[in-house]
Amino acid sequence: MYRVVNSIKRKICLFLVNKIFAGKECFDIKRNLLNQIREFEIGKGTKIVGPIECTGQLKIGQDCWIGKNLKINGNGKVTIGDCCDIAPEVTFQTGGHLIGTSIRRAGEGKIFNQTIGNGVWIGGRSTIIGNTTIGDGCVIAGCACVVNDLEENILVGGVPARVIRKLDEN
Numbered sequence: 000m001y002r003v004v005n006s007i008k009r010k011i012c013l014f015l016v017n018k019i020f021a022g023k024e025c026f027d028i029k030r031n032l033l034n035q036i037r038e039f040e041i042g043k044g045t046k047i048v049g050p051i052e053c054t055g056q057l058k059i060g061q062d063c064w065i066g067k068n069l070k071i072n073g074n075g076k077v078t079i080g081d082c083c084d085i086a087p088e089v090t091f092q093t094g095g096h097l098i099g100t101s102i103r104r105a106g107e108g109k110i111f112n113q114t115i116g117n118g119v120w121i122g123g124r125s126t127i128i129g130n131t132t133i134g135d136g137c138v139i140a141g142c143a144c145v146v147n148d149l150e151e152n153i154l155v156g157g158v159p160a161r162v163i164r165k166l167d168e169n
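Under numbering that gives the first Met the number 0, the first residue of the sequence shown is numbered 0, with each subsequent residue one higher.
It should be emphasised that the hints constitute simulated quantities derived from the structure, not laboratory data. Everything numeric in this text was worked out from a predicted model, so none of it was measured.
Here are the simulated DSBU-like pairs of lysine-lysine, each with C-alpha atoms no more than 30 Å apart in a straight line: (1) Lys10 to Lys58; (2) Lys18 to Lys76; (3) Lys18 to Lys46; (4) Lys10 to Lys109.
Now the in silico label distances, taken between C-beta atoms and shown as ranges: (5) Arg164 to Asn5: 44 to 50 Å; (6) Ser101 to Lys67: 39 to 45 Å; (7) Val158 to Ile110: 22 to 28 Å.
Just so you know, even glycine gets a beta-carbon here, dropped at the ideal spot from N, CA and C.
Make the full structure from the sequences, and use the hints.
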């Protein structure tokens with residue numbers, strides 16, 4: 000019974016965030032609604048434009064900006080640090096498959112967890128794939144596809160994302 004109630008609560012809160020309040024500047028209301036969902040934790044001062052799509056778990060630190068159409072696909076967990084900016088249409092792929100036989104190449108399912116450090120800026124339409132950690136202070140160029148861990152304070156871009164340059168720590 001508890002699972003059913005939690006599922007209904009999740010659907011109602013996401014409906015309100017995605018259909019009623021999406022794009023509106025009622026950030027406190029959206030944050031409070033999302034914090035009602037057991038798998039969500041949204042920090043103080045974080046602003047979510049909405050809509051968002053999330054089938055897994057989401058933890059966002061304080062004072063972040065989350066652009067429209069954030070997607071978390073899969074059943075994994077995405078943890079975003081403090082003071083991060085996530086541009087519109089960023090996707091976190093927290094599910095995938097091992098390569099199967101020639102009968103069906105999408106083999107056994109896998110769940111991935113992803114961690115985004117503090118002060119990170121992820122450009123629009125970027126995709127984060129696999130068990131990936133992005134270090135503090137990184138910048139991910141728009142439309143990049145991050146498939147490997149990134150050390151702190153670097154700018155990456157491309158598909159797959161490659162280091163463009165080291166960034167100052169100040």
